[in-house]
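Trainee: The residues making up each chain are set out below.
There are 2 protein chains.
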Amino acid sequence: MNTPDGLRSLRVGLGERAYPIFVGPGLLRRGDLLADCLPGGDVLLVSNETVAPLYLETAASALAGYRVQTLVLPDGEAHKTLETFARVIDALARGGFHRDGCVAALGGGVIGDLAGFAAACYQRGVALLQLPTTLLAQVDSSVGGKTAVNHPVGKNLVGAFHQPVAVLADTDTLATLPPREYRAGLAEVIKYGLILDAGFLDWLECSLPALLERDAGPVAEAIVRSCEIKARVVAEDEHEHGRRALLNLGHTFGHAIEALAGYGEWLHGEAVAAGMVMAAETSHRLGWLDAAALARVRRIIAAAGLPVAAPGFAPEAMLSAMGMDKKVIGGRLRLVLLEALGRAVITADVPRDLLLSVLSDVRQAS
Amino acid sequence: MNTPDGLRSLRVGLGERAYPIFVGPGLLRRGDLLADCLPGGDVLLVSNETVAPLYLETAASALAGYRVQTLVLPDGEAHKTLETFARVIDALARGGFHRDGCVAALGGGVIGDLAGFAAACYQRGVALLQLPTTLLAQVDSSVGGKTAVNHPVGKNLVGAFHQPVAVLADTDTLATLPPREYRAGLAEVIKYGLILDAGFLDWLECSLPALLERDAGPVAEAIVRSCEIKARVVAEDEHEHGRRALLNLGHTFGHAIEALAGYGEWLHGEAVAAGMVMAAETSHRLGWLDAAALARVRRIIAAAGLPVAAPGFAPEAMLSAMGMDKKVIGGRLRLVLLEALGRAVITADVPRDLLLSVLSDVRQAS
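Residue numbers (our numbering), protein chains in the order written: chain A, 1 to 366; chain B, 1001 to 1366.
Honestly, the hints are just simulated from the structure, not real lab data.
Keep in mind it's a predicted model, so treat the numbers as computed, not measured.
Ideal Cβ placement from N, Cα and C applies to all residues, glycine included.
Some clues are possibly wrong.
Across the chosen pairs, the derived CB separations fall in these ranges [as the list claims (entries may be wrong)]: (1) A:94 <-> B:1319: 16 to 24 Å; (2) A:323 <-> B:1057: 29 to 37 Å; (3) A:291 <-> B:1035: 24 to 32 Å; (4) B:1317 <-> A:319: 55 to 63 Å; (5) A:351 <-> B:1057: 37 to 45 Å; (6) A:319 <-> B:1032: 46 to 54 Å; (7) B:1078 <-> A:265: 19 to 27 Å.
When you get a sec, could you build the whole thing from the sequences and use the hints?
Mentor: Written out as structure tokens, the structure reads:
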């Protein structure tokens, strides 16, 4: 759906839990879009110290019809913990929120995951409104209902599936996003092309210069197409019993990079970017991807200004860090690989030695 | 289903999340019953310092086919907190549990709710096996998928719906239950009769002496019939959008008593017992229950050795404590009341003054 004011919308088809995603400029002022989405009780608007000065007041104005309380948390992945989760719960409990309350998450993936998990657990679940302000959150983490916090042992080890009642992706907020974070968001956009949509990948290759310039039209198009792919996959497999795991292309490698580097050193999207190259390299050595396709993966990721390797981590340490990943079932390492560009598969049949050699060579290739 | 060895079983009908409840003597040794229920990964057996010395080894033997790790927590409602929840999560993460892992909760309602909440959140949900060792847990808290921890502001304010893969209620464990805790469990049994099954209430009235003696036959019958009623209600309304709230008869009053007394002073079942009398009294003053029925409620609860009043709490303080209950929607106080014995209803239409007078009079009636 496309309207004259640049507003676009799509729907995540999950039966009685279906919800709309709105994409476009100025959406944080569009309280009218929320009229049918929120349950009517108080709203706890959760943000962080970086985003709040920029957009908290605007977002509060979109929620003018509701009694709004605010909670501003410190910024950064280091705060995506059970302790900060407890702070959000405290704010809800002491603020007198009831079952008809709502948590609105204004920020990037950390705020969305954290506030989303609190919404999932408070009174066994209250409404969640996602107001993503980073490219990564707009194309990925705000959609699909995964919420979580980290544990020292691993990322996102504690969480819940809890779908939002609506996602409002105001593309104006991308103007203030630091270049590095913006590029990290592009990694997830590229991911959608790689796993499921070769045509989108073609479009991305042509559009990368415009996307890097943050041209409004192409940016909105990239967000909508990314959300469409994610919405389709989530509708088919909400709780990741199968197909949804495709969305984790590059993530098993990426989580290991994040863990070994120390959370916060690598941005999630950067680690996923390098991880996707590793997955492509592995796919190539299994004889699935030809050299040209592998080179194309590298080229696209490099063109987006993203890392194509993760130097400095011993292959054995990477493999071990990959072992404590949620995609491990029954002790076997399951990986998302590429049978072709635009066609990802999940496999448990990657020889350990092959994986070690990929991790060793990719390290030197940097 | 009834077998020669005293094993009885029923099923909670929740489609692909349906699960069996087994009731009978010696079940903690019946690992064979679990063969089809557990996912196959490691098991974290969670118990407390009171129950573990009695039954941890036995329970571990039922899980002989699995790699079992154990976690023994301090006993008591005071430990049903986010901090203790974090300890269970730590044990799972540091123990290397994967998605195919399982949390087995061996103990009463606190252990079941707490370990259950950890199972709900770890890796966004792993299997949960309920091994209830108190009457209250066997007839109520282990069945139906409600998990939670308390918050200083209110009971069970943080939690999740997470159905177990099986419930094994070993009636032998009731032999070691302190009399006060045993009677507290009877409160929930009586509740089922009051809300939905007048015939069961008749049976209970006759069987109370035998139940208080802990005669194996009547005890198993009371557990099975309680679980049948609960399973039926849960199957109809898993997430408490409507009818399931009937199971909260006496709980809004009861939670207020528990909160005002300080958690742990009153046992949950004791508070519910007094709360059910308050609900019956309120129903009587609304003209729904006649004096004879009200007197019968008091008589049954007193005969079970349970409190029929809660002296010492100011009516206004009670009302205020009741306001922060999960059954409050949109600021209105919703109560479960009785239209007749065996027929409960949910209503938001109780005048505040009537409620205050009930709270005042019931206090003096002690």
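Trainee: Take the hints in turn and mark each one as holding or not.
Mentor: Quick rundown of the hints versus the structure:
| no. | hint | verdict |
| --- | --- | --- |
| 1 | A:94 <-> B:1319: 16 to 24 Å | holds, 19 Å |
| 2 | A:323 <-> B:1057: 29 to 37 Å | holds, 31 Å |
| 3 | A:291 <-> B:1035: 24 to 32 Å | violated, 50 Å |
| 4 | B:1317 <-> A:319: 55 to 63 Å | holds, 60 Å |
| 5 | A:351 <-> B:1057: 37 to 45 Å | holds, 42 Å |
| 6 | A:319 <-> B:1032: 46 to 54 Å | violated, 38 Å |
| 7 | B:1078 <-> A:265: 19 to 27 Å | violated, 40 Å |
Taken one by one, the earlier hints fail for this structure at numbers 3, 6 and 7, listed in ascending order.
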